[in-house]
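Generate the whole structure from the sequences, applying the supplied hints.
Here the numbering used here is used: the first residue of the sequence shown is 161, the next is one more, and so on.
Hints were generated in silico from the structure; no laboratory data involved. This structure is a prediction, so every number in the text was calculated from the model and none was measured. The beta carbon of each residue, even a glycine, is placed where N, CA and C say it ideally should be. Since no wrong hints were added, every one of them can be taken at face value.
Cβ-Cβ distance ranges computed for the label pairs, FRET-style: (1) 165 / 336: 33 to 41 Å; (2) 336 / 279: 39 to 47 Å; (3) 339 / 303: 27 to 35 Å.
Derived lysine-lysine pairs resembling DSS-like cross-links, with alpha carbons at most 25 Å apart: (4) 336 / 224; (5) 299 / 218; (6) 299 / 277.
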Amino acid sequence: MKKLERRFYERPTLEVARDLLGKYMIHETNDGRTVGKIVEVEAYVGSIDAACHAYNNKCTNRTKIMFGEGGHAYVYLIYGMHYCMNIVTNQETYPEAVLIRALEPVEGLQIMKRRRKTESVLNLCSGPGKLCQAMGITKLQNEIDLCGGRMFLLQGETIMSNNIGTTPRINIDYAKEARDYPWRFIVKDSPFVSKGK
161 MKKLERRFYE RPTLEVARDL LGKYMIHETN DGRTVGKIVE VEAYVGSIDA ACHAYNNKCT
221 NRTKIMFGEG GHAYVYLIYG MHYCMNIVTN QETYPEAVLI RALEPVEGLQ IMKRRRKTES
281 VLNLCSGPGK LCQAMGITKL QNEIDLCGGR MFLLQGETIM SNNIGTTPRI NIDYAKEARD
341 YPWRFIVKDS PFVSKGK
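Spelled out as structure tokens, the structure:
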């Protein structure tokens, strides 16, 4: 399978979000290699999206990575305990990203089970915090170039449009009208998506 190139990420964010479904995310660590197929994502568009950290093009120390070139990781901590993995999209100066919400575990399952302290394959990567723990993603991976050799994406499988479900995003009730944007995309009938909606 071919590694995704920069130009894949440097397109309009809603296109990238849909096209990420079925792609394989790989993380090479000292523990070993873990691989997951992307089955759920959410798009965030900073200029118009009250749910985005860079809403109204707000650039801070945390969000500055979103203003850079597409194809880098934006990793942050929520609730003081869970990491979330995002992929920066579109062109420089457009603060946009796609949150990876769920993976189907493909390789390195024993490593994932050990990290997550569970034997349930369905519970390994069925949420953004879970998948980061299972894949060994922490603040150390923030700003990493996904066109490099440690963490990257492969072409994977093509998910046909009739197999893609669209819903509003999860846990963003604070985001005014943006909470209703249909910017969550899932692989229909996948048992590995998160249980939020």
